[in-house]
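Guided by the hints, dock chain B onto chain A, whose structure is given.
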Amino acid sequence: MKDPEMHDRDREDGEAPILRICGASKAFGGVQALEDVSFEVSQGMILGMIGPNGAGKTTLFNLISGLYPPDAGRIFFNEAEIQRLPTHQRVRMGIARTFQNLALFENMNVLENVMVGQHVRTRCGFWGAIARTPGVRREEAACRESALALLDMVGLADQALKPSADLPFGWQRLLEISRALASRPRVLLLDEPASGLNALETGRLGDLILAIRNQGITIMLVEHDMSLTMSVSDRIIVLDQGRVLASGTPEEIQTHSAVRTAYLGEHCEQR
Amino acid sequence: MKAFTRNCSEKIMTQSSLHETLRIGLLAGAVAAAGILFDNAYHIQVLVFIGINTILTLGLNLLMGYTGQISLGHAAFYGIGAYTSAILTVHFQFSPWLALVPSLGLAVLVALIVGIPTLKLSGYYLAMGTLGFGMIVFIVFRELDFWTGGSSGLAGIPSLKIGPVDLTSGRNFYYLVWGAVLGTLVVSRRLIESRVGRALRSIHGSEHAAMAIGVNTQAYKLQVFVFSAFLAALAGFLYAHCIGFISPGSFDFMASVRMVTMVVIGGMASIWGALLGASLLTLLPEWLHAFAEYEMIVYGLILMLVMIFLPQGLLRGLLDIYERSRNA
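If you're matching them up, the sequences are chains A and B in order.
Heads up: the first sequence at position 69 corresponds to 69 in the working numbering, and the numbers run straight through without jumps.
Heads up: the second sequence at position 325 corresponds to 325 in the working numbering, and the numbers run straight through without jumps.
In isolation and in its complexed conformation, chain A is listed as follows (with noise of 0.2 Å):
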């Protein structure tokens, strides 16, 4: 029933955590959108993050993917301090994201939404653009190559060539993780990636993001779809007023008192 100490259960694992997050606290105007909030992901494991709207969990995925700086509170990715680094550092280092509301680049097609997501893999720099040299033509063909087979992986393949904006919604999110998925990160935040799914979608991205853990990528999941976060989640954070409320397995959570008060429903409150 209480929460259990999650330092101690990484520490069981012997591996530091690649994600540790110390006392981070976040404000807009007057609104405390975070407050002292501290947790760690282990190595390979899938995080769900879950609590009401405006609980903060967006807020949580923009300090650490570096959007904006944290008020307060230092983030360590793979035990070094990243909370002033700039967002495509962190990218290079291994820091992927997916947005809530889609942020799909419209004025390209879906391969080169891949080839760009690639960006911080490839080096071709200005000169070598304008040069064209042999080495630059095998790194554009090894790019094109490997977005293809990303695309591949998540049934895009045939549909390379066509505007982004032209897909349907549910594969433009499965677009958006690939191209996450190009930058070969080592964490990857998935902003409610079911948002819009019909059921079916939804189970595939289930699929597909156990598959993504399987090549040894860790994932923080921020989702509104109990059964999705519930069903693919080794551990789930509980957010509520920009504070922890709670963590621990999905089971732990379900059967969690505060939980099922502030989160899942007033109903329970009659129990």
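Quick caveat, the hints were computed from the structure, so don't treat them as lab data.
Stretches of chain A that chain B covers, calculated by requiring three or more beta carbons in the stretch to come under 8 Å of a beta carbon on chain B:
no.: 1; stretch: 79-89
no.: 2; stretch: 97-105
no.: 3; stretch: 126-132
Derived pair list, reagent style SDA-like, types lysine to any residue, alpha-carbon separation capped at 20 Å:
no.: 4; chain 1: B; residue 1: LYS161; chain 2: B; residue 2: TRP97
no.: 5; chain 1: B; residue 1: LYS11; chain 2: A; residue 2: ALA157
no.: 6; chain 1: A; residue 1: LYS162; chain 2: A; residue 2: GLU145
no.: 7; chain 1: A; residue 1: LYS162; chain 2: B; residue 2: ASP320
no.: 8; chain 1: A; residue 1: LYS162; chain 2: A; residue 2: ASN109
no.: 9; chain 1: B; residue 1: LYS120; chain 2: B; residue 2: HIS204
no.: 10; chain 1: B; residue 1: LYS120; chain 2: A; residue 2: PRO86
no.: 11; chain 1: B; residue 1: LYS120; chain 2: A; residue 2: ARG84
no.: 12; chain 1: A; residue 1: LYS162; chain 2: B; residue 2: HIS204
no.: 13; chain 1: A; residue 1: LYS162; chain 2: B; residue 2: GLU323
no.: 14; chain 1: A; residue 1: LYS162; chain 2: B; residue 2: LYS11
no.: 15; chain 1: B; residue 1: LYS11; chain 2: A; residue 2: ALA141
no.: 16; chain 1: B; residue 1: LYS11; chain 2: A; residue 2: LEU161
no.: 17; chain 1: B; residue 1: LYS120; chain 2: B; residue 2: VAL108
no.: 18; chain 1: B; residue 1: LYS120; chain 2: A; residue 2: GLN89
no.: 19; chain 1: A; residue 1: LYS162; chain 2: B; residue 2: GLU193
Predicted model, so just to flag it, every value in this text is computed and none were measured.
Yeah, the Cβ is synthetic: ideal placement off N, Cα and C, and Gly gets one too.
Frame of chain A; chain B shown alone:
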């Protein structure tokens, strides 16, 4: 599966690069043919101006059309290219080719200095920042009269020579300018179809998303700003040595607006659109001499109509209409 993706990949690659090589080859052929066919000095002169404006438009299109950063002060770089070379050749007896290096270099330097703070701005703020910069440079051209000749302009700019070949003659200059246009086209094309080009376009798509996939947006914005300033200065250099006389009026706010109009009319993010936009807006004033007084109004009207009815630009718009009529 590996074989499948490689196959696909090769097909995609050969298709797109073949088309482009073909198009650029066709354009080179057309340029050569026009050089032989056109006899009239005035026609050649107009073609030279189209070429200079195409270089300008290609540069601004990389910044505006592909990267989505609006500059309303690009005539300043055009002017820096023209005035630096003009001053060095007229007052300091530099040979024009020697003056090319400092005039491009100064434009690059100024672009770096202006770009570092302004490119932190976005949207309207960037437009306002560059607008202010353009005005300052215009005033410098006008007021620094011991070098620039003030508002009455600077005359006697020498023409270009390559060895014994004098490029004063319209036709030789025409080949020089269009050689530069073809070079710029190829370079722009290569940039856009590369890792760098994709990064630039991602910034246009969404700056946040571009950062989130690891693009150093500040650095890329600065690079493309500097490169487009470089191309504007190159165009300015050609312009100054082509007509031998420059005055601040060619580099004022209206000139910046004209450049933006060329990009928008031809089509944002379209290299061939840049060629079309530059051609149309160079020819239009020639055809509509009667409207000289109302140039600003005509440009404004064209800009409005294109934005409302053909927001993708004239080239894309016309192609769409053609395709629709064929399908119907």
